[in-house]
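From first to last, the protein sequence lines are chains A, B and C.
For what it's worth, the working numbering labels the leading residue of the first sequence as 16, then goes sequentially.
For what it's worth, the working numbering labels the leading residue of the second sequence as 663, then goes sequentially.
For what it's worth, the working numbering labels the leading residue of the third sequence as 187, then goes sequentially.
There may be inaccurate statements among the hints.
[To be verified] Derived pair list, reagent style DSS-like, types lysine-lysine, alpha-carbon separation capped at 25 Å:
| id | chain 1 | residue 1 | chain 2 | residue 2 |
| --- | --- | --- | --- | --- |
| 1 | C | K282 | A | K174 |
| 2 | B | K707 | B | K736 |
| 3 | C | K282 | A | K102 |
| 4 | B | K810 | B | K707 |
By construction, these hints were calculated from the structure, which means they are not laboratory data.
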Amino acid sequence: MTDLLFLAFAAVTVGAAILAIEARDLVYGAAALGIAFLGVAGLFFLLDAAYVGWFQIAVYIGAVVVLILFTVMLVGPKKGETPLGLKRVSLLAAMLMSLLLGMTGALANATAFPGPDSCGSGCDLSLFSTSLLKNYGVPLEFMSLVMAAAVIGALALSKTDRGQ
Amino acid sequence: MAPVLGPLQPIVDMLTSPLFLEIVLFPGLLSIAIIGALLGWLERKVTARVQLRIGPLYASPAGGILQMFADLIKLSFKELFVPENSDAFFFIMAPTTGLVLGAALVGLIPFAPGLQIANIEVGLPAFLAIITLSPTLILLAGWSANSKFPFIGGLRALFQQTAYEIPLWLSALGVIMMAGTMNLGQIVNAQTSGWFILPQALGAFIFLVTSVAEMERLPFDLPEAESEIMMGWQAEYPGVLFLAAQGPGFVKLYAFSALFSVMFLGGFLGPSFLPPLFWMLLKTLLIIVLIMLLRSTFPRVRLDQLLRAGWTTLLTLAIINIGITYILVVGFPTL
Amino acid sequence: MEPLSSFFAVSVILLGIGIYGLTTKRNAIRILFSIELIYNAANLNIIAFARLRNPPIVTGQVLVLFTIALAAMEAAVGLSIIILVSRLNADIDLSKLSKLKG
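Assemble the whole structure, with the sequences as input and the hints as a guide.
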């Protein structure tokens with residue numbers, strides 16, 4: 016059962032990711048990107064990270080994809096993209112880099128690094144929230160600072176051309 | 663149990679298993695369809711009574727209760743077409759996906775102890791995460807029709823989402839803090855000593871307002887304001903597709919009212935002389951009627967009013983509510 | 187549960203698609219797509235490594251929560267830059283974007 020689910024989620028993720036990059040219409044590309052995020056959320060569910068999976072759905076599809084769709088519709092259809100003429104080289108480079116990383120990953124021993132918050136039987140929600148607020152409280156605060164900066168920055172960017 | 667039916671036994675077992683019956687009959691698909699149609703009738707009847715009209719009357723002896731089924735038959739015989747120069751894929755996909763998501767919401771609700779399709783640890787965030795997808799679908803539906811008013815409706819849905827989404831999540835946080843869990847069944851069980859509507863009165867108010875905004879019902883029905891932009895994103899939908907575009911509204915009304923009674927009114931808890939399911943449905947019905955009365959008593963807000971209210975008043979109140987909840991749960995902070 | 191290598195493979199393929207899009211596309215929105223895909227590859231990797239090590243740790247989920255929030259902020263700022271560029275330039279093709287050149 017898990018095998019079938021894994022294969023389905025993996026196939027959906029990879030297929031939708033390719034479609035997102037290659038779809039001619041940007042709206043279709045954005046929708047495919049949403050499907051790819053959904054597939055990744057499904058893989059998170061398989062990895063017992065249900066809360067992060069739902070968070071991924073809410074933030075990525077509920078906020079990021081809808082923002083991208085809005086931008087695509089606002090900016091409007093483009094007069095075709097200029098092809099770079101480096102397609103084959105880029106494909107080769109991407110494959111080579113992935114292969115290299117894959118080899119590194121195969122060498123990495125997942126047990127080598129000691130973890131501060133090991134969960135014996137399963138990583139449940141209470142352990143997750145305790146770890147988030149106790150061990151990572153300061154990064155969380157910095158995160159909200161960065162978030163405020165991002166909101167202010169986005170507002171400032173969208174206001175600058177009022178005068179022109 | 664001995665297999666008496668030979669090779670058919672697994673199929674019969676599956677068809678009579680409790681989960682299958684729950685998914686197909688109650689609280690699953692069949693009951694969602696029937697309740698959605700009945701809510702359509704109830705809404706017309708309640709609105710008509712408030713406006714001193716009679717409302718649907720002739721479709722059955724019992725006060726036109728079959729009116730929506732008559733409408734359903736009428737709409738399904740209308741010509742089904744996709745407008746010229748529209749994007750057929752998203753035009754058809756968006757409302758049907760909306761229906762599926764609405765049904766998925768009902769599957770997360772515990773209607774009685776054990777009567778719940780998906781009992782997951784993070785039920786409340788899952789519900790809210792599924793809800794965030796609907797403005798995306800409305801934007802796509804409005805864009806795909808390739809027509810002015812639908813597109814304006816889709817953009818309004820997007821702007822409206824930015825106004826209500828953050829207060830909605832923050833008001834749910836108060837309940838999570840009180841109950842100490844995100845599982846909806848355990849949230850109900852945490853209310854045996856007292857419903858959360860009293861300590862969480864502010865949170866309940868914010869949740870009600872933002873969920874009405876999320877459902878796009880009348881004080882906040884900007885994406886489909888029929889007197890401004892002619893049903894907004896639904897304007898171009900013909901026949902059965904119009905039904906599919908309207909349906910999620912009623913399913914979401916049902917699901918959100920059930921969630922409100924689970925979060926604040928003790929869900930299926932109640933005096934034991936009647937079954938828990940009765941109490942759950944009674945509370946849900948009360949909330950539904952309350953939201954319908956809102957529809958017929960309040961005028962529509964403007965988009966800028968909604969955005970200002972969401973980002974100033976509601977957000978501030980939600981944060982104050984979290985502070986109050988902290989004091990209730992932990993006690994006064996000592997330095 | 188699937189072995190770590192299969193999740194890792196999906197992550198690497200996503201990363202490859204992201205890099206390919208980043209190097210071949212010149213539309214700013216398409217480049218944002220690629221960056222988001224790379225983010226997702228990294229997130230999947232972190233969660234898979236944290237869950238499938240022995241014993242599993244919860245730190246991976248915490249980190250991914252941070253990355254998701256960061257990616258959302260990055261998208262918000264990036265998209266407002268794209269809208270600004272499209273207003274000033276009437277095109278969001280990055281290879282034609284030469285206003286800053288002296």
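How the hints compare with the structure:
1. K282/C with K174/A: Holds, at about 24 Å.
2. K707/B with K736/B: Holds, at roughly 20 Å.
3. K282/C with K102/A: 19 Å, holds
4. K810/B with K707/B: 32 Å, violated
Checked against the numbered hints above, the structure violates only hint 4.
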